[in-house]
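Undergrad: Sequences and hints are given; from them, build the entire structure.
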Amino acid sequence: MTDETLARALGSLRTVRMSEIASDRVRDELEAAWRTRAARPRRSGFAIPSFVRAVAVAAGVLAVAYATVNASADTPLYAARIAVEDAFVALQSDPVAYVTELYDERLAEAAHQEATGNALAASRARQATEDALRLLNQVAPRQNDEAPSPEPTGAIITLPSPTLSPEPTVTPTPSPTPTAAPPRTPLPTTAKTPTPAPPKPTPPPTPTQFAVHATGTVQYADGTPVNEACVSTSSTAGSCIATTTNGSVDFWFIGRKGDTLSFYLTKTDVMTGRTYRGKVTITVQGPSAPLGTTTLRLV
1 MTDETLARAL GSLRTVRMSE IASDRVRDEL EAAWRTRAAR PRRSGFAIPS FVRAVAVAAG
61 VLAVAYATVN ASADTPLYAA RIAVEDAFVA LQSDPVAYVT ELYDERLAEA AHQEATGNAL
121 AASRARQATE DALRLLNQVA PRQNDEAPSP EPTGAIITLP SPTLSPEPTV TPTPSPTPTA
181 APPRTPLPTT AKTPTPAPPK PTPPPTPTQF AVHATGTVQY ADGTPVNEAC VSTSSTAGSC
241 IATTTNGSVD FWFIGRKGDT LSFYLTKTDV MTGRTYRGKV TITVQGPSAP LGTTTLRLV
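Here the sequence shown stands for residues 1 to 299, where the numbers follow this note's numbering.
Be a bit skeptical, because a hint or two may be false.
Label-pair distances were calculated between CB atoms; the ranges are [what the hints assert, rightly or not]:
| no. | residue 1 | residue 2 | range |
| --- | --- | --- | --- |
| 1 | Leu261 | Val55 | 46 to 54 Å |
| 2 | Ala111 | Arg53 | 42 to 50 Å |
| 3 | Glu114 | Leu261 | 12 to 20 Å |
| 4 | Leu62 | Glu105 | 15 to 23 Å |
| 5 | Phe210 | His112 | 18 to 26 Å |
| 6 | Ala83 | Arg37 | 55 to 63 Å |
| 7 | Thr283 | Val55 | 52 to 60 Å |
I should point out that these hints are in silico values taken from the structure, not numbers from a laboratory. A virtual CB, placed ideally from N, CA and C, is assigned to each residue, including glycine.
TA: This is the structure we're talking about:
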């Protein structure tokens with residue numbers, strides 16, 4: 001059979017019509033086949049039990065939470081970790097100790113990132129450290145809130161009156177009878193004890209960090225008090241750990257005894273655009289650090 005013969009045979013089928021009986025029989029067979037197929041139970045896909053889905057969701061949430069609370073400064077989750085830690089301050093029984101611990105952790109993270117050479121992560125950790133200082137200033141008690149200590153009341157002490165003791169009676173003692181002196185016992189020879197070596201000096205312990213309360217006044221060159229001046233730990237433009245109010249500055253920071261710290265004060269005049277700057281350097285000696293009077297000058 002050639003292609004031409006096949007084409008003619010197929011073309012002739014266009015004019016051929018099936019009988020009504022044959023057509024109805026074919027239609028009935030097709031409908032019966034479709035009904036049989038529709039009545040078959042469909043095979044469902046792999047069904048996961050509901051408790052397995054719940055466990056998987058819980059495990060995913062725990063994994064994300066663990067990764068967030070342990071995120072380092074070089075990961076995208078570090079900002080979420082800082083937000084979560086800052087939110088937990090209100091739930092602490094001792095917020096000052098909690099914020100102090102946060103400050104130590106973020107300071108160590110900044111030092112670690114600087115040692116590895118990751119400047120971007122180190123800047124994030126330093127920013128988090130300044131956030132901890134701001135939180136410390138918010139939760140630390142103010143001087144006005146401290147209850148005054150009660151004055152000690154004097155107690156009357158009554159001394160007992162002395163009683164006269166009876167004088168002792170003197171009784172004569174008999175004179176001792178002289179006895180012969182015993183022979184002298186030779187002294188034992190003592191061996192020389194070795195001189196102990198001088199103890200090696202032990203290095204002094206590293207001082208622990210504690211919260212320090214800093215107070216002082218800020219003024220212009222003409223003696224006018226400065227309001228809303230920014231107090232920062234960096235000489236460059238950074239976030240403020242505190243601001244002045246009517247010439248007074250009052251904030252908290254974390255330090256060790258003997259630390260020498262510098263604080264930079266900046267005030268920008270909105271009307272003229274001029275910037276006034278000042279600097280104060282202190283050495284930590286205890287929980288209180290007086291800043292004295294700082295004068296801001298035009299730069």
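Undergrad: Now, for every hint given, state plainly whether the structure supports it.
TA: Structure-based check of each hint:
Checking the proposed 46 to 54 Å range against Leu261 and Val55 shows it holds: the Cβ atoms sit about 51 Å from each other. Taken as a hint, the range 42 to 50 Å holds for the pair Ala111 and Arg53, whose Cβ atoms sit roughly 44 Å apart. A beta carbon spacing of about 18 Å between Glu114 and Leu261 agrees with the range 12 to 20 Å that was offered as a hint. A hinted range of 15 to 23 Å for the beta carbons of Leu62 and Glu105 is consistent with their spacing of about 22 Å.
The hint said 18 to 26 Å for the Cβ distance between Phe210 and His112, and at roughly 23 Å that hint holds. For the hinted restraint 55 to 63 Å between Ala83 and Arg37, the CB-CB distance of approximately 58 Å keeps it satisfied. Taking the beta carbon of each, Thr283 and Val55 are about 57 Å apart, inside 52 to 60 Å as hinted.
Consistency note: the structure conflicts with none of the earlier hints.
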